[in-house]
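All chains, full assembly: derive it from the sequences and hints.
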Amino acid sequence: MLWVDKHRPKTLDKVIVHEQVAQNLKKFVAEQDCPHLLFYGPPGSGKKTLIMALIKQMFGAGVEKVKMENKTWKIDTGTRTFDLELAMLSSSHHVEMNPSDAGFQDRYVVQEVIKEMAKSRPIDAKGKRAFKVLVLNEVDKLSREAQHSLRRTMEKYSASCRLILCCNSSSKVTEAVRSRCLNVRVNAPTEDQIVQVLEFIGKKENLQLPFGFAARIAAQSNRNLRRAILFFETCKVQQYPFSANQVAPPLDWEQYVSEIATEILSEQSPKRLYSVRQKFYELLVNCIPPESILKKLLTELMKKLDSDLKHEVCHWAAHYEHKMRLGSKAIFHLEAFVAKFMSIYKEFLCAAFG
Amino acid sequence: MAPLVPSSQPWVEKYRPRQVKDVAHQEEVVRVLTNTLETADLPHMLFYGPPGTGKTTTALAIAYQLYGPELYKSRVLELNASDERGINVVRTKIKDFAAVAVGSARKGGYPCPPYKIIILDEADSMTEDAQNALRRTMETYSKVTRFFFICNYISRIIEPLASRCAKFRFKPLSEDVMSNRILHICNEEGLTLDAQALSTLSAISQGDLRRAITYLQSAARLFGSSISSSDLISVSGAIPEDIVKSLLVACKSGEFDVANKEVSNIIADGYPVSQLLSQFLDVIVNADDIPDEHKARICRKLGEADKCLVDGADEYLQLLDMASETIRALFNIPQGLVF
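Protein chains in written order, with our numbering: chain A, 38 to 391; chain B, 11 to 349.
Hint data in this document are derived by calculation from the structure and do not stem from the laboratory.
By construction, the Cβ of each residue, glycine as well, lies at the ideal position given by its N, Cα and C atoms.
One or more hints might be untrue.
Selected chain B positions facing chain A (in silico; Cβ < 8 Å) [what the hints assert, rightly or not]: (1) D106; (2) R221; (3) G322; (4) D324; (5) I337.
Written as structure tokens, this is what we have:
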């Protein structure tokens, strides 16, 4: 088992990073009831951990017996019928799914699944907890229609199911949905907190950490706890006992992007653009999200630029990322950004050095 | 737990005024409507105004006062944007409902006038086709049916529909009225709210009473019966003032890297960027030491960034772009590079 999962806090009391949030959530456990919740925060900040701990404390160990199934729903829209397939994780108390996987048909998923859950309402011996929890991931990727139908469904079936929504950026969730939920902001842990967690894991695993080692990993992780723990484990596999100046190897796609950045900075020509294109394709076929590529590329380029140029380059990066979102072929926009950058940089070089 | 235990009923519903005269802060509207209620003679109506000002409440209250609980179900059809409301629905459901004639049986002290009411909530999200299909329906059945349109933006209602209705504008609630209402709820629910928290609540909800009540309820569930101003801020998802200020300070330093670091921190802390943009706008507009020309340039960029965010662009890049443009505006660096 990966350390990320092994050392994930199972109850709200054991949460190290977001103690305050956990304390608040515990009130719902005491009440045995909760409103709809919306968790938002950057990746690797602990949203999922909090959600699972909350559900577990509310329903007991039953939620850990999850089964994975590929369910098919028959959808009847009035004008046509079709089948919709979606993977979901379910236990007797909760269902977890990723409705945005259904693409433009996500609206039907939202409506059908909740309706079905509302029909099969669990009955407890004491008549308590007669509701299920539906965890929806990545709600910020849901289409506008799906979010709109979500809000009506949320109200209609609030008796028999509670929704826990989870997303990265709450600005992409419509106001209507947000205002029906209790919003919980989960911030990324600070570097000190990451160090604390790493030391905790080190103690559990009986490892000796040299001075400053945890801090170095924390700095490298970009305030992403999951990544920090993965780095930590990689280091352990790589070499133990840890040497004083050991660093985790960077992720290979990031390495690859920084190579691209170096190439772009060393030569600006159509030929170079062509070779960069091959590398972009390589990244894209390996399912690296194009926004991540663009952001990483920007960070890498920024390291070596004058401040005047930085303004300009970041403007164009934002511009092309926006265009990428509107369009459908990421490669065009990545390449356009590189071409734009090359032209700006070349002009700058010519002006500066003649 | 049973679904409708009192604690789980939203306070917005619980404290919704049941009578037209209880609707807060809309004196003109209330005066006109009370008159029409006495005569039980209604025109078609169009309510417009910002969210949380009492439009739906008023419409429901009128219907309630006219028909009473018994007849309400059979006489009033309520449709809002979450229901299916394309042209098909207008042609079938609305038309069928509108066509049925009713008598004026006076029951239980309610006027029960001989017509029905169709309430179309959030009418500005109806398609233009659907609105056009309504035109004729409205006139044909005007003897037995009255339409209430409720919307935020009157400009999205087509002119032929708007001209068939009596229009009522609902204005945003003033701070006093809002505080009164909130204090009333606090009393009923046994909450304590200090003066600072009260003014924070008015500020973050921006004249939207529904939002204020929702925040209050969430805060009460999360933090118990005594609520401070920082509790309200954390529930509402508003961004603490000093974070917004520190971003401006970072921009004023003129160093791109300083601003970049600030932006990364904001993103890592998970603050919603669209909210940040609107709060940043307030700070910029109220800043005394920035010349108007620079303000204009920054505001333009804020607008562009907001549009991009709506389109789904990346938050980090947009915020960074905005910060960099702010630096350039503050230091008078022209857009685009000149060599």
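Evaluation of the provided hints:
no., hint, verdict
1, D106, "violated, 17 Å"
2, R221, "holds, 6 Å"
3, G322, "holds, 5 Å"
4, D324, "holds, 5 Å"
5, I337, "holds, 7 Å"
When the structure is compared with the earlier hints, a violation turns up for hint 1 alone.
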